[in-house]
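Work out the full structure, taking the sequences as your base and the hints as a guide.
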Amino acid sequence: MRIVVLLKYVPDITSDRRFADGRVVRDPAEGSLNELDENAVEAALQLVEAAGDGEVVAVTVAPATADIAVKKAYQMGVHRGVRVTDEALAGSDYFGTTAALAAAVRRLGEETPVDLVVTGMAALDGLGSVVPALLAEELGWPQLTLAKSVALADGTLTITREVDDAVETLAAPLPAVLSVTDSANSPRYPNFKLIMAARSKTVEEWTAADLGIEPSEVGLAGARTVTVEAAPRPPRPEVELVVDKGEGGLALADFLIRNDLV
Amino acid sequence: MTRPTVLVFLDSPERTVEEVRPSVLELITLGRSLGRVDVVTLGAPSVAVLATLGTYGVDGVHQAVLPTSLPEDVYRVTPVLASVLATAASRLDADVLLVPSTFAGKEAAAVAAARLGAGLVVDASSLEWSAEGGPLRIAKRVFAGTWDTVSTVASDPAVVTVRANAVAAEPAAVASSPEVYALPVEAAAPTVTVVSRQLKERAAGRPALEEAAVVVAGGRGTNGDFGPVNDLADALGAAVGATRDAVFEGWFDRYIGQTGVTVAPRVYIGAGISGAPHHRGGMQASQVVVAVNNDPESPIFEISDFAVVGDLADVLPQAAEAIRAHKQGS
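Chains as they are written, first to last, in our numbering: chain A, 1 to 262; chain B, 1001 to 1330.
Read the hints as simulated data drawn from the structure, not as lab findings.
Keep in mind the model is a prediction, meaning the values are calculated, not measured.
Hints may contain errors.
No farther apart than 27 angstroms at their CA atoms in a straight line, the calculated lysine-lysine pairs in the DSS-like style are these [claimed, not checked]:
(1) A/Lys-71 / A/Lys-201
(2) A/Lys-148 / B/Lys-1200
(3) A/Lys-71 / A/Lys-148
(4) A/Lys-245 / B/Lys-1200
(5) A/Lys-71 / A/Lys-245
As C-alpha cells, then:
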C-alpha cells in the first residue's frame, strides 16, 4: 500500500498580510500544518497499518518554510516527505497548484506505483475545497471526496459522506483520490520516539524542472484569474451591548424591528 | 460588445426539477445585471418551475440529456456534472457560468473550468462588469471575512461559484417565456459507483440553513436544550444551526463553521456561542450579527453588531414573544 498525502502549510489566521505583485503575501514565519491535513495523515497511516506494510509519502508545494508542516507529518509517522519548491510556482491558481501536485504524484508513481492520494477536506486559509476534484481529473483517477468514513476491501475504497442535502455511500477502485473531513478520525498525537526520529529526517526538494513542469503554465504566468485588488475590511462599528436585567429579550426584538430585520 | 451570455446552473437535489431554490433565484438576479440569462438543468423542469423562471426573466432552459449507457444514479457525480456544465457553457458560448457555492457545485464548477480552460473563482460575493467593456470584476470575502479581494479572469469564460445571500432575489421588470432545449451531453461512465444516496429531510416549515436570510444558532451555552433557539427561529421564520461542539455532543445535526455549513444571512443570531475560530469562519460574512451569551468576555461580541449579556433561556423566549406580537400588530 503506497499512499501520497498532500499537505498545505497555512499562515496563522492572525498573521500580517499585504497585497503585492498580484497576490496576498503573508508573513511566512508564523504558520503550521493545515489542521485538516492531520485528518488526511491519520487516514493514510491507518490504511497502511491495516494493509500490514507500505509507505506514506507527504507532498507539499511551497517554499522551504513549509518544512514545519512536513516535520509535523513525520512526527505522526509519515515515512517520507517531498517539497516542490520553485519561484515559477509562486502565485499559482487552483490549476497551477493542481498541475504541480499531479506532476509530483506521477513522479512518485514512476518509482513505485501509488495506490491512493489522500487530502484534507479544505485548507483553512482558502476553504476552496476544489483541489482534490481537480487532481483526480488531472490524474484520470476516481475521486471520493469529503469522506466521513473510509473502508478498503479487495482494492475497492468505499466512503460515506454528508454533502449538501444528501447522505451518500460511494465506492471506487484504486488508484483514487480521497479527501477526508474532520469527523473521519481523530489525528494521533506524536509519540516521543517519532518526535526524536523526525528531527533527523530531511525533506526532499524538487523543482519545477525536475517534474517537467512548464513555467509558463503555472504561477502568476499561468494563472487564469488575476487578483487586482485586496484590502482588509474596515473594522466593525462598536457593538451595541445590553446587559439583561429582565428586558434583554425585548431589547433584542427592538434592535431587529427598528433595523427592519423582522 | 454584444450582450453577454450568463449561464446559471439550476441545481436541484433530485433529478426532477420541481422547485427553484432561493440560491438559484439569487444567481439569476445577479446574472440579469450582467447579461441575458439561460439556465442549465439536470432534468425536466415542472410547469411551476418554468413559470418562476419566466418571472425572473430567464431566456432559455437547457435540459441535459445524458447517454442512456450511464447508470441513472451518477448524474450528480462530479465528473458527470462537470460535463453537463462544460457542454452547456460551450454550446451557448457563455461569457459567465454561475454555480451555487455548495460542495458539489464547487467541485463540478472547478472540473468544468479545468476542461474549458476557464478561470475559476469560488465563493464569490459579487460580480460586475468594469466600465467601458472592461473585464468582469469578481469580489470575494476572504480570511474569515477580514479581507475583500477583487479578481478578473484572464481566460474566458469566467466560472464563478457564488455564496448564498450574496444578492437579494428579485423578479425581472419584464417577464419572459423561457423555451426548453435539449442539451445532449457526452459523458463517459464514471469510475465511481453510487452505492446509496439519501436526501436529508428538511425541518418542516424552515428554510434551508445555507440559504436562509435569518439564522439562529445554538452552542455549548444551550446545555443541550435547543427549545429557546427553535422558539426564536419559529418567530423569525429562521433556519436553525449549531456549533461543531454542540453537534459532537449530539444536541443538533448540522453545524456552522469552517468545516461545516457556511452561512452569510442578513441576520445571524448566536445563542450560547463563544465564537471560536472554527465557528466564526462559517458565519463571519453575515450582514448583521447578534449574540446572546452570559459571559461578557465572549469573543463573539467582538464581531457582533448587537449583543445581550444574559441567560439565553430568558432572553430568547422574551424576544420571540415580542417579535410575534410585532408581526401580529403590523
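Outcome of the hint check:
no.: 1; hint: A/Lys-71 / A/Lys-201; verdict: holds (8 angstroms)
no.: 2; hint: A/Lys-148 / B/Lys-1200; verdict: holds (16 angstroms)
no.: 3; hint: A/Lys-71 / A/Lys-148; verdict: holds (26 angstroms)
no.: 4; hint: A/Lys-245 / B/Lys-1200; verdict: violated (41 angstroms)
no.: 5; hint: A/Lys-71 / A/Lys-245; verdict: violated (53 angstroms)
Of the numbered hints given earlier, the model fails hints 4, 5; all others are met.
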